[in-house]
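Chains as they are written, first to last, in our numbering: chain A, 19 to 200; chain B, 1261 to 1723.
No wet-lab data here; the hints were simulated from the structure. Be aware that one or more of the hints could be misleading.
[What the hints assert, rightly or not] Calculated cross-link-like contacts (lysine-lysine; reagent style DSS-like; alpha-carbon spacing at most 25 Å):
1. B/Lys1392 x A/Lys71
2. B/Lys1410 x B/Lys1392
3. B/Lys1392 x A/Lys167
4. B/Lys1631 x A/Lys71
5. B/Lys1631 x B/Lys1537
6. B/Lys1464 x B/Lys1493
7. B/Lys1723 x B/Lys1653
8. A/Lys142 x A/Lys167
9. B/Lys1493 x B/Lys1392
10. B/Lys1464 x B/Lys1501
11. B/Lys1464 x B/Lys1410
12. A/Lys71 x B/Lys1653
[Unchecked claim] Simulated DEER-style distance windows between Cβ atoms:
13. B/Thr1669 x A/Thr68: 47 to 53 Å
14. B/Ala1525 x A/Ala174: 37 to 43 Å
15. A/Ala113 x B/Arg1614: 29 to 35 Å
16. A/Thr68 x B/Gly1500: 57 to 63 Å
17. B/Ser1264 x A/Arg125: 16 to 22 Å
18. A/Ala195 x B/Thr1265: 19 to 25 Å
19. A/Ala195 x B/Glu1481: 26 to 32 Å
20. B/Asp1390 x A/Thr166: 26 to 32 Å
21. B/Asp1390 x A/Val185: 31 to 37 Å
22. B/Glu1499 x A/Ala32: 56 to 62 Å
23. A/Thr27 x B/Pro1281: 37 to 43 Å
Being a predicted model, the structure only gives us computed values, none of them experimental. Ideal Cβ placement from N, Cα and C applies to all residues, glycine included.
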Amino acid sequence: MASNQPDSTDQTEAYLRLLTQHDRWLATYVYSLVSSAADADDILQEVKVTLWKQFPKFEPGTNFRAWARTIATNQILNYRRSEKKRSTSSSLDEAFIEAVAAEIDHRAESLDHKAEALQLCLRKLPEAHRKIIVWRYYEDCGVEEIATKSERTVDAVYRLLSRIRQVLSDCVTRQIAHPSTP
Amino acid sequence: MKDSTQSLDRIQRALEGLLSPEEHDAFKADVIQDAELRAAYVEQVWLHSTLRANSESLIGLLEEKEEPTPVKTTRRWPVAMWSAAAAACITLTSTVFVFGKTTTVSRPVATLVQAENCRWAGSDLPTSVDSKLGTGRLALVEGIATLKFKSGATVTMEAPTTLEILTAMHCRLIEGTVTAEVPVPAHGFTIDTPDIQVVDLGTKFGVTAGSTGNSQVRVFEGEVEIGGLADGKLKRLTEGKGLHVGSGNTSLGQEPTRGEPIQEAGGWTAIPTSYGKGKDGYARRGDNGAPLGTHPLIIVKHTDLAPGAKNERRAIITFDLSQVHTPSINEAQIVLDPEPSGYGFSALVPDESRFAIYGLADETQDTWNEKEMHWSTMPGCNDDGPNADQVRKLAEFWIPRGGSGGPLTIRGEALADFIRQDSNGLVSFLIVRETGETDPSGMAHAFASKEHPTGRCPTLRLK
């Protein structure tokens, strides 16, 4: 391991505990700001390594998500800047990432609640729609692959996926507003 | 937001990557300017990303019935597991029953990111660069291939190697050599071999499993934990340390089936070391485990490190030519079948290794005994190497890092000439490696001997 990394076992354990607790949230955050799946996974790894390197600067007891959000956003912006071929639209990309990051920041609490409510809403979907969700997100299939698997047209799959996501979105919004109503 | 249906459609298309680059740029510009569109986009992208980030738990959806009654409490996502053992147990291929029909789903856990001069065999996974790999087996015959797991771990396979991918945190080395680089977040990444289980504790390490039951681990950086040892204890290895385990499931000393000369197409006669008075074996400086004449492998290694290093190894093969009229030989070839030795890492030897074949000119030494040969009694050699008074150098050959991709054929006029001069019906050849290593854990090269259960034994082809 490089010499600039924390090396005490306590530090490592504290870091792994926090990372585990916020792992899926961190992935959600990075995925929200990086549209390419392959890039997103690479950036996510880099973010985790950076968080680990910077961990000695984290004050225990303070908001880990807020701290991690800043580091992750910077890492994503740096990654964009390092991609030379995108130079023409890089300023647009950066402004877009910053705008979306600020919006997520602003709505952080409600988004976290919605993510929790999503589990319940998924279980309310009809079986056929759950299957589409599993294909799209568990198997990582694109719209075209799902079209082949489900013997539908690409356009039909796209419309179906959009509708399912809209149903889920409406459901989580209702859950947040009235947690006790179905 | 002018038209909410149209906006939602743009958002959905953006999420699925269905916008053209121009449309996507226009969309981004609008998100920056339009607060309402931005809010709607963030709601949708967060939902989409939450599903991606929690994809592993989605498979459970197919096993549950629809929720007919309201559930009052909101459920949290299952807490991510962070212990190595738990992470290693996640099964990524599941068979579930949907409406009475079986649906098998497999999700990618790794990507093949690099493949140098690779040749593959018997793999049930795709082998082109950038392929997404789910659970399954990869058999690399030739070359060096690098896999990047979703956990962040990078595993490099050196041919010949067969690896089974289980999850993003777990794979099984059937045989061959891999090196793994594991960043902190992938802490707990595990590689099983037939003999042991290696659990990473934040490190860079190598594992090699021989085709005849032995495994070696070497830690380049950091620390690993070894499980599955015979005494049931866990053992920690730190930087620079190594461990070698023999499982005992080798067929050491077994009596091989005797072979016969084979008449091949083109007038060739192939004579294996398993024919007649033929034999093969190797010796190691220090004689650890000696005599090694009946080992399933003949192993060669050379080191330029400390003089007197104990890992110097040389091999000798003898063919029975009693049924061959040697003076009329026109051409000769020696065929050797490389096998994983289970010792050392090719990352620690140069890009290409040079070997030499010597003919044993002193025919009185052709009668060496497999069950008695030691380092000091190896025919035609003294401690430093082949003895120029007793042997003749006949040929050199090279094996690139990542293997030769199959049997090696060594030929040349000097070889045929040497055989023509035979007078006792036996010819012996010494095999030595001339290329040294940069680290004592450098790779030992091995070839199947006549005791090997599946490999082709050394063979002399004549015509």
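Results of checking the hints against the structure:
1. B/Lys1392 x A/Lys71: With a Cα-Cα distance of about 29 Å, the restraint between lysine 1392 of chain B and lysine 71 of chain A is violated, given a limit of 25 Å.
2. B/Lys1410 x B/Lys1392: 10 Å, holds
3. B/Lys1392 x A/Lys167: Holds, at about 18 Å.
4. B/Lys1631 x A/Lys71: Answer violated: lysine 1631 of chain B to lysine 71 of chain A is near 57 Å, above 25 Å.
5. B/Lys1631 x B/Lys1537: 14 Å, holds
6. B/Lys1464 x B/Lys1493: OK: lysine 1464 of chain B and lysine 1493 of chain B at ~22 Å, within 25 Å.
7. B/Lys1723 x B/Lys1653: Cα-Cα ~21 Å, so holds.
8. A/Lys142 x A/Lys167: Given pair lysine 142 of chain A, lysine 167 of chain A holds - Cα atoms ~23 Å apart, limit 25 Å.
9. B/Lys1493 x B/Lys1392: Violated, because 36 Å separates the two Cα atoms, which is more than 25 Å.
10. B/Lys1464 x B/Lys1501: The given pair, whose Cα atoms are some 12 Å apart, holds under the 25 Å limit.
11. B/Lys1464 x B/Lys1410: Answer holds: lysine 1464 of chain B to lysine 1410 of chain B is near 17 Å, not above 25 Å.
12. A/Lys71 x B/Lys1653: Measuring from Cα to Cα gives roughly 56 Å; hence the hint is violated.
13. B/Thr1669 x A/Thr68: 47 to 53 Å: The hint (47 to 53 Å, Cβ to Cβ) holds, given that threonine 1669 of chain B and threonine 68 of chain A are roughly 52 Å apart.
14. B/Ala1525 x A/Ala174: 37 to 43 Å: 59 Å, violated
15. A/Ala113 x B/Arg1614: 29 to 35 Å: Roughly 58 Å apart at Cβ, these two residues miss the hinted range, so it is violated.
16. A/Thr68 x B/Gly1500: 57 to 63 Å: 28 Å, violated
17. B/Ser1264 x A/Arg125: 16 to 22 Å: Check passed, 18 Å falls within 16 to 22 Å.
18. A/Ala195 x B/Thr1265: 19 to 25 Å: 22 Å, holds
19. A/Ala195 x B/Glu1481: 26 to 32 Å: 52 Å, violated
20. B/Asp1390 x A/Thr166: 26 to 32 Å: 20 Å, violated
21. B/Asp1390 x A/Val185: 31 to 37 Å: Between aspartate 1390 of chain B and valine 185 of chain A, where Cβ atoms are some 34 Å apart, the hint holds.
22. B/Glu1499 x A/Ala32: 56 to 62 Å: 23 Å, violated
23. A/Thr27 x B/Pro1281: 37 to 43 Å: 49 Å, violated
Hints 1, 4, 9, 12, 14, 15, 16, 19, 20, 22, 23 from the list above are not met by this structure, while the remaining hints are.
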